[in-house]
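With the sequences and hints as input, model every part of the structure.
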Amino acid sequence: MRRNVDIAIAGGGLTGCLTALVLQRKFPAAKIVLLDQHKGAAKQDPRGLALALRTQQVLQEHGVWQGQLLQSPAIQHIHVSDANSPGTATMHAKNEQLPALGYVAMAGALQSELTQRCTEAAVEHVQAVEVANIAAERDGLLLTLNDEQQIGTRLLIVAEGSNSPTRAKLGIMMKQEMYSQVAVAAKVKFAKQHRNWAFERFTAEGPAALLPQGHDEAALVWCMHTDTAEKLQASSRDERVRAVQNIFGAAPGRIANVEYQATFPLQLAMAERFVGYRSVVIGNACHTLHPVAGQGYNLGVRDILDLAANIQPADFGSHIGLNTYQAQRERDYAEIIGLTHGLVAVFSNQEPVWRNLRSKGLYALRALPALKKPLMRKAMGFRSLW
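For the sequence shown, the residue numbers in full-length UniProt numbering are 1 to 386.
Treat the hints as calculated values from the structure; they're not laboratory data.
Cβ atoms here follow ideal geometry from the backbone N, Cα and C, with glycine treated the same way.
Each hint should be verified, as a subset may be incorrect.
Using 27 angstroms as the maximum straight-line C-alpha spacing, the simulated DSS-like pairs for lysine-lysine come out as follows [as the list claims (entries may be wrong)]:
| id | residue 1 | residue 2 |
| --- | --- | --- |
| 1 | K192 | K94 |
| 2 | K187 | K231 |
| 3 | K94 | K189 |
| 4 | K39 | K169 |
| 5 | K189 | K231 |
Cβ-Cβ distance ranges computed for the label pairs, FRET-style [claimed, not checked]:
| id | residue 1 | residue 2 | range |
| --- | --- | --- | --- |
| 6 | D332 | H92 | 19 to 27 angstroms |
| 7 | K192 | D332 | 49 to 57 angstroms |
| 8 | P313 | P165 | 24 to 32 angstroms |
| 9 | H215 | D238 | 43 to 51 angstroms |
| 10 | L70 | H92 | 21 to 29 angstroms |
| 11 | N257 | T144 | 27 to 35 angstroms |
| 12 | N95 | R242 | 42 to 50 angstroms |
| 13 | A30 | S162 | 22 to 30 angstroms |
| 14 | H215 | E148 | 45 to 53 angstroms |
| 15 | Q312 | A135 | 18 to 26 angstroms |
| 16 | L145 | P313 | 22 to 30 angstroms |
| 17 | V126 | Q68 | 21 to 29 angstroms |
| 18 | E137 | Q233 | 48 to 56 angstroms |
Here it is in structure tokens:
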């Protein structure tokens, strides 16, 4: 049996649910269906997500920032340093007259709130289904699901994550570049409260970050060579504590415990194309970044905002709106990929000339606040740099 909708969203995760909420609010008369591969309550995802201030504002504007998310620690101070050269830089929310530079939210809590808000907004949420086939029609696409349902849609939005099966059915390949690093995720407990500080430390093997959680804990993401990660995973509790303390030094205070969680490979991946006939690929289905600067989910949120700004109810899948969206996103992708890729390359280079330049650069950021503002604005998810 066939039915028609205006917008079909493949993927019921963090990106797909927020897409449905944003579009339902902007286009209340639109028929929107959320096609979710999973069934039942969302799994409790233990990850801590770095949310840019603009991302938190979007969640608040759409009624998502409530419940457990209200307990999410604010990042009010950031300390940036290089383990192999002198010089540090700090950033403070109060200097920008802002409540925070960002927040650290638990992915499981965010998913629960997004799913609940979708239910309250009467977004149709079809679970335990997958797009089995996609056929082009004159004014849309015909989706055949694995349970033999057929859905005609004027626009298909693919938001299933990095291993998206629907993206593959659209014939879209990913351009991938593996980094010579893996990331170790762990939970760190401080001897004292963190006072809303985040720490970014650049090492010879890769960057390490501490993101505040609770009152005296932090999420650690530490990028390193594979053999170093294996040694760290096999080490004792005291050895892990010493290793993390040695990397960050005295800046975060005394570290009392380090609880290893997981190791995962790092890559830069970008869809060869992300706009097609009546279709668009967003979020991690479109791009996967190095975790330095914590821009992954925030970039996907900007995908959602730009898409909502460029499609029109007269014809949601119009090539005019999608082409304008594509031009906007290409600029943002180039800037963010340049930032994250550049940081990894520059801070991993141990040639004396580069170490000297890094040191001078950090001193300049510390001495000249005007230099920090564009970088901070971009990291906080704002379009204007001043």
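### Beta-carbon spacing of D332 to H92 - inside the hinted bounds 19 to 27 angstroms or not
26 angstroms, holds
### Message
Against the range 21 to 29 angstroms, how does the distance between the Cβ atoms of V126 and Q68 compare: consistent or not?
### Response
26 angstroms, holds
### Query
Do H215 and D238 keep their Cβ atoms within the hinted range of 43 to 51 angstroms?
Distance hint for H215, D238 is violated at roughly 24 angstroms.
### Task
Take the C-alpha atoms of K192 and K94, compute the straight-line distance between them, and say whether it is at most 27 angstroms.
Judged against 27 angstroms, a Cα distance of about 22 angstroms means the pair holds.
### Query
For the pair supplied as a hint, K189 and K231, is the alpha-carbon distance within the 27 angstroms limit?
21 angstroms, holds
### Message
22 to 30 angstroms was suggested as the range; check whether the CB atoms of L145 and P313 agree with it.
### Response
Cβ of L145 to Cβ of P313: about 25 angstroms, so the range 22 to 30 angstroms holds.
#### Entry: Restraint check for K187 with K231, where alpha carbons must lie at most 27 angstroms apart
This hinted pair holds, its Cα atoms lying about 17 angstroms apart.
### Query
Taking the CB of A30 and the CB of S162, does the distance hold inside 22 to 30 angstroms?
28 angstroms, holds
### Task
Could you tell me whether the CB distance from Q312 to A135 stays inside 18 to 26 angstroms?
24 angstroms, holds
### Query
Has the hinted range 42 to 50 angstroms been met by the Cβ atoms of N95 and R242?
34 angstroms, violated
### Task
Confirm or reject the claim that P313 and P165 have a C-beta distance inside 24 to 32 angstroms.
Holds - the Cβ-Cβ distance for P313 and P165, about 29 angstroms, lies within 24 to 32 angstroms.
### Task
Kindly confirm whether 21 to 29 angstroms is satisfied by the beta carbon distance between L70 and H92.
23 angstroms, holds
Figure legend: structure checked against the earlier numbered hints; hints not met, in rising order: 7, 9, 11 and 12.
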